[in-house]
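A.B. asks: Taking the hints into account, I'd like the entire structure generated from these sequences.
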Amino acid sequence: MSRFADKTVIITGGGSGIGKACAELFARDGAKVVVADLAEESAMQVVEQIQRMGGDALFLQVDTSLWHSVQQLVADTLDAYGSLDIYINNAGVFDGFAKCMDTTDKVWDQVINVNLKGYFHGCRAALPELIKSGGNIVMTASIAGLGAGGGGTAYTASKFGTVGLIKQIACEYADQGVRVNGVAPGGLHTGMTDMYADDEAVAGFISSRTPLGRWGEPEEVASAIAYLASADAGYVTGSILSVDGGWRAQ
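Oh and the sequence shown: position 35 is 157 in the numbering used here, straight run, nothing missing.
The set of hints was computed from the structure by calculation and includes no laboratory data. Only a predicted model underlies this, so the values are computations on that prediction, with no experimental measurement involved. Built from N, CA and C at the ideal position, the CB exists for glycine as well. Among these hints, one or two may not hold up.
[Unchecked claim] In silico EDC-like cross-links for lysine to aspartate or glutamate, where the CA-CA straight-line distance does not exceed 20 angstroms: (1) K221 / D231; (2) K239 / E294; (3) K254 / E339.
[To be verified] Computed spacing ranges between beta-carbons, pair by pair: (4) G313 / G176: 36 to 42 angstroms; (5) P250 / S329: 40 to 46 angstroms; (6) Y349 / Q167: 23 to 29 angstroms; (7) Y357 / I253: 16 to 22 angstroms; (8) Y357 / S255: 16 to 22 angstroms; (9) L334 / G299: 33 to 39 angstroms; (10) R174 / G326: 37 to 43 angstroms.
C.D. replies: Rendered as structure tokens:
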């Protein structure tokens, strides 16, 4: 039997990068997948790909920085599939390694509103249904949430906040059967980082700081997320799984 047969999963930022890899993996493993994203075109391409391979998926548009939008996402998921078992907080934005003095209020607000407030919105909206289903939440944190040097000021602050959110909510709802975990990716080839992968200085820095000596792929992070969301991780909550080629082991 497939790992996620009869399970419904919402994946924010599901139209690209880690979210896309998650959507395809969960669909292959039998889940009903809600590809939630602000960008319709890329998300619909993911949905169509899943449907071509015989999976069950739909696109729902969401702006995770807005509470009413995330509420509607969960409500529409329940209308379509009747339940919710897994919520993957993954939608995010990057600050381009901007240091504190180079970070405007506009950039700060955008990064915090999507990367941290958006994750809070997802947890708050999904938890009532996950308590009913005995489900779980997985969040995409970052090596930037475990120590300095993995991002700019706003991004690092948002990811430290994500790590705290994971641990706090895991403890708050463990007695109601809900697990909450996160992954902390290192340097990955995604749409958000491709512009830096072509920069020899940045690419060289990432590779030199990574013991495995290479950038990671979204599919490698998706595999870790799927493990945390599965019954195999039934005794795992409040944990952050680094998927960083050894970056934070140093």
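A.B. asks: Each of the hints needs a verdict: does it hold here or not?
C.D. replies: Against the structure, the hints come out as follows:
1. K221 / D231: holds, 15 angstroms
2. K239 / E294: With a Cα-Cα distance of about 18 angstroms, the restraint between K239 and E294 holds, given a limit of 20 angstroms.
3. K254 / E339: Between K254 and E339 the Cα gap is close to 34 angstroms, so the pair fails against 20 angstroms, i.e. violated.
4. G313 / G176: 36 to 42 angstroms: violated, 26 angstroms
5. P250 / S329: 40 to 46 angstroms: holds, 44 angstroms
6. Y349 / Q167: 23 to 29 angstroms: Since Y349 and Q167 have Cβ atoms about 26 angstroms apart, the given range 23 to 29 angstroms holds.
7. Y357 / I253: 16 to 22 angstroms: holds, 19 angstroms
8. Y357 / S255: 16 to 22 angstroms: holds, 18 angstroms
9. L334 / G299: 33 to 39 angstroms: holds, 36 angstroms
10. R174 / G326: 37 to 43 angstroms: Once the Cβ atoms are compared, 38 angstroms apart, the range 37 to 43 angstroms for G326 and R174 holds.
Hint violations for this structure: numbers 3 and 4, all remaining hints satisfied.
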